[in-house]
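Using the sequences provided together with the hints, build the complete structure.
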Amino acid sequence: MRQRAVADLSSLPTYGFGPKSPMWWGTLGFCAVEGMGFALAAGSYLYLVHVNPQWPLSAPPPDHWPGTVLTLLLLFSLWPNAVADRSARRQNLWAVRRDLYIMSVIGVLAVAIRLYEFAGLHVKWDQNAYGSITWILLGLHATHLITDLGDTLVLLVLMFTRHATGKRFSDVSDNAFYWYFVVASWIPLYLLIYWVPRWA
Amino acid sequence: MSATAATNEASDLRDTALDGPELRVRLSKTWGTESGLWGALTTVDHKIIGRRYLITTFVFLFLAGLAAVAMRLQLAQPESKLIGPDLYNQLFTMHGTTMMFLFGVPVGEAFAVYLVPLMVGTRNIAFPRLNAFSYWVFLFGGLFLWISFFLNIGPDVGWFAYVPLSGPEFSPGKRADTWAQMITFTEVAGLAVAIEIVVTVLKQRAPGMTLDRIPLFVWAVFINSLVIIFALPAVVVASSFLIMDRLIGTHLFNPAEGGDALLFQHLFWFFGHPEVYIIFLPATGMVSAIVVTFARRQAFGYLALVLSLIAVAFLSFGLWVHHMFTTGLPQLGYAFFTASSMLIAVPNGLQIFCWIATLWDGRPDFKTPLLFVLGFFFIFVAGGLSGVLLASVPLDTQVHDTYFVVAHFHYVLIGGAVFPILGAIYYWFPKFTGRMLSERLGRWHFWLAFVGFNVAFFAMHISGLMGMPRRVYTYTAEMNWGALNLVSTIGALMLAASFALFLFNILRSMRVGAIAGDNPWGAGTLEWATASPPPPHNFDRIPFVTSREPLWAERDSLPVVTGLRVDNRELIASTVTEARAELREPSPEPSIWPFLAAIATGITFVASIFSPWAVVWGGALVAITLIGWFWPKGSKEDEG
Numbered sequence: 030m031r032q033r034a035v036a037d038l039s040s041l042p043t044y045g046f047g048p049k050s051p052m053w054w055g056t057l058g059f060c061a062v063e064g065m066g067f068a069l070a071a072g073s074y075l076y077l078v079h080v081n082p083q084w085p086l087s088a089p090p091p092d093h094w095p096g097t098v099l100t101l102l103l104l105f106s107l108w109p110n111a112v113a114d115r116s117a118r119r120q121n122l123w124a125v126r127r128d129l130y131i132m133s134v135i136g137v138l139a140v141a142i143r144l145y146e147f148a149g150l151h152v153k154w155d156q157n158a159y160g161s162i163t164w165i166l167l168g169l170h171a172t173h174l175i176t177d178l179g180d181t182l183v184l185l186v187l188m189f190t191r192h193a194t195g196k197r198f199s200d201v202s203d204n205a206f207y208w209y210f211v212v213a214s215w216i217p218l219y220l221l222i223y224w225v226p227r228w229a
Numbered sequence: 040m041s042a043t044a045a046t047n048e049a050s051d052l053r054d055t056a057l058d059g060p061e062l063r064v065r066l067s068k069t070w071g072t073e074s075g076l077w078g079a080l081t082t083v084d085h086k087i088i089g090r091r092y093l094i095t096t097f098v099f100l101f102l103a104g105l106a107a108v109a110m111r112l113q114l115a116q117p118e119s120k121l122i123g124p125d126l127y128n129q130l131f132t133m134h135g136t137t138m139m140f141l142f143g144v145p146v147g148e149a150f151a152v153y154l155v156p157l158m159v160g161t162r163n164i165a166f167p168r169l170n171a172f173s174y175w176v177f178l179f180g181g182l183f184l185w186i187s188f189f190l191n192i193g194p195d196v197g198w199f200a201y202v203p204l205s206g207p208e209f210s211p212g213k214r215a216d217t218w219a220q221m222i223t224f225t226e227v228a229g230l231a232v233a234i235e236i237v238v239t240v241l242k243q244r245a246p247g248m249t250l251d252r253i254p255l256f257v258w259a260v261f262i263n264s265l266v267i268i269f270a271l272p273a274v275v276v277a278s279s280f281l282i283m284d285r286l287i288g289t290h291l292f293n294p295a296e297g298g299d300a301l302l303f304q305h306l307f308w309f310f311g312h313p314e315v316y317i318i319f320l321p322a323t324g325m326v327s328a329i330v331v332t333f334a335r336r337q338a339f340g341y342l343a344l345v346l347s348l349i350a351v352a353f354l355s356f357g358l359w360v361h362h363m364f365t366t367g368l369p370q371l372g373y374a375f376f377t378a379s380s381m382l383i384a385v386p387n388g389l390q391i392f393c394w395i396a397t398l399w400d401g402r403p404d405f406k407t408p409l410l411f412v413l414g415f416f417f418i419f420v421a422g423g424l425s426g427v428l429l430a431s432v433p434l435d436t437q438v439h440d441t442y443f444v445v446a447h448f449h450y451v452l453i454g455g456a457v458f459p460i461l462g463a464i465y466y467w468f469p470k471f472t473g474r475m476l477s478e479r480l481g482r483w484h485f486w487l488a489f490v491g492f493n494v495a496f497f498a499m500h501i502s503g504l505m506g507m508p509r510r511v512y513t514y515t516a517e518m519n520w521g522a523l524n525l526v527s528t529i530g531a532l533m534l535a536a537s538f539a540l541f542l543f544n545i546l547r548s549m550r551v552g553a554i555a556g557d558n559p560w561g562a563g564t565l566e567w568a569t570a571s572p573p574p575p576h577n578f579d580r581i582p583f584v585t586s587r588e589p590l591w592a593e594r595d596s597l598p599v600v601t602g603l604r605v606d607n608r609e610l611i612a613s614t615v616t617e618a619r620a621e622l623r624e625p626s627p628e629p630s631i632w633p634f635l636a637a638i639a640t641g642i643t644f645v646a647s648i649f650s651p652w653a654v655v656w657g658g659a660l661v662a663i664t665l666i667g668w669f670w671p672k673g674s675k676e677d678e679g
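These protein sequences, in sequence, are chains G and B. Be aware that the first sequence starts at 30, since it is given in my numbering, and climbs by one per residue. Be aware that the second sequence starts at 40, since it is given in my numbering, and climbs by one per residue.
To be clear about the criterion: a stretch of chain G counts as covered by chain B if any three or more of its residues have a C-beta under 8 Å from a C-beta of chain B, and this derived list gives those stretches:
(1) 36–47
(2) 50–61
(3) 65–73
(4) 156–162
Per the computed footprint, the stretches of chain G lying under chain B, defined by three or more beta-carbons under 8 Å from a beta-carbon of chain B, are:
(5) 76–83
(6) 187–196
Simulated restraints on C-beta separations:
(7) B/His-439 / G/Leu-101: 45 to 55 Å
(8) G/Gly-179 / B/Pro-294: 35 to 45 Å
(9) B/Phe-543 / G/Thr-194: 48 to 58 Å
Hints listed in this document are in silico derivations from the structure and should not be mistaken for laboratory results. Because the structure is a prediction, the values reported are computed rather than measured. Backbone N, C-alpha and C fix where the C-beta goes; we use that ideal spot for every residue, glycine too.
In structure tokens, the structure reads:
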């Protein structure tokens, strides 16, 4: 079929940030999938609360302090995370390195505190259904902390190589976007794991 | 702030500087796949991967079909000794599991992987390496299931693997674990493709393809992908909970320790009912494409068709409990789920009226693809009618777990999905291969399949009403089910013969079929604007879309845009609603890493059946392959 040119797109940029970037939409898609997984696991938790006459089942409520400290750390991390996003959008390599470094430290701290959280649950996964679903909720979120930490570390190293150009800043921005999801998904889980056993 | 095109180098060759054969040759080189094993393992071309997906899903269709034939032979007469109860349990589980997870869900995605980039006028799917990864994971999951079956550790707990039957107490051994991990494989693959399709449709449409110019097939698979994104996590949660109960001693489904068996059913059917529509929605898109082309007019009620798709997608999440009417639920639950089960018939009916109106007002050309669509109307409507009956709790309670239900869901699944899919193969085969399927064999195929299907499954309504339960390996002569079962077996053999004919037609036509040309049906959508089969880069220049059927609106010459690079993979990222060109987005080069990541994933999934620690070391293995995947290599990946 014959063709006739109607527009020249030579001057378009080759990468963009936020909703301009297909990768941002892909990240949003993964957030939807994982968010649905969280919602269903949380729904299962509430279902089990509903079918059991007492909750928690033959175990004391978990020690909430490690979880509370982690929650405060995650809420605090929103600030350096927003700074990292802004530095990436400004394509300021020096600032991006600094911010990724800070976010990596926060990620390591978060994973370490998560270990204390497991220790403070006062129940094992194979003890009863309460123990099972509590470990699953905490473990599910732990995989997200670890995944984002891994991603942040790889990006941090990348920013010290010759690849630290153009599109990679957009990747840093998308990683910051994903961290918002990791923090946002934690808040309802925190309430479920630590406060429902006290209130139920 | 975005970078501009100021980073141009000496080698920055644009398609504005070239034309004709030279442009095509250069683009083919840039976007091509290496020949040989290395090329096969590293390719990221959506057409090659889509073709593999299609062939693989059809191989699974044939395997599951053979399992069905074996079961029908066993049931042809009372107290047959052909197949024992243990093998029979495995056969019906393999049949259902394969049809649902290795054919029904992935075949719609397979068509989408091949066709969506062509239909929206782009050069590759979004995230092409993820696409390659998803195919390998899907293949490994399917092989895992069938190799397990041949090693006598195939699952035997039914395709929905209810606890407590599938739990640690009643299913020792590895058979139920095989089922649960097969779910993990296929769902990882399915979710990956769904995200690719969503992003391709939202961000890679050719300039000018506004929302109301998106082809109906693309709308269907786009909405389907959204259903997948929100439904599949439920079955992943269900099967993960199951495998944890079995392997590491959790008690989620164990009532003795505060768990609940019905929780599994809720999780499974929260996925399982949308799954019916995950199988059906792409088929409606195929019907729309075929009806429009062969009616030779635009779709009647385009907006109504799109809104119906959206309505079906939403309502499909509100029906799951109608699979659980006999589990003893609160009265209000019955009322709600009966009402919603009946409600979904409305948008489905609306679609059927729109298609009939399109045909009514057009000049229908009754080629084989359209025959299969007409067969779909007949069978699917019949299945819908028995579905409305089953939405009523008293009737459902009476025929629960009988052959009436088996008849019903085969009418909706084979009628609603397999017939349109077969029509779609006849319709798009010329685009896939460059050759036409034989029309004469196609008609034979259709009539044999149509008659065989109805003989096989209509009789099951009656045997079900006579009380024959599903999933029994035999029955006594005194039940008087023998004659009806013999009829069903004869029908099943006819249906199987129709598939043999179909296979023969495909193999023969690939060698000696008539040459198709770019647009053998005179269709209007963009996949027909390029060669058959399409070149690696799909389009020499990206089309500029001015109408819903661009090839009908622009009969003399196709408007196109220029300015993309020729020596590097580049496509257009556009805005979500108006499809204004926004970026010259680089598209990934071939890579071995998705294949390696899929192998690492496969090892992790299979090993975790034997040791929970496999999740830990396997996770590290997967992480290494993912870093290899994402680490930029070569200068091409740094440009832009």
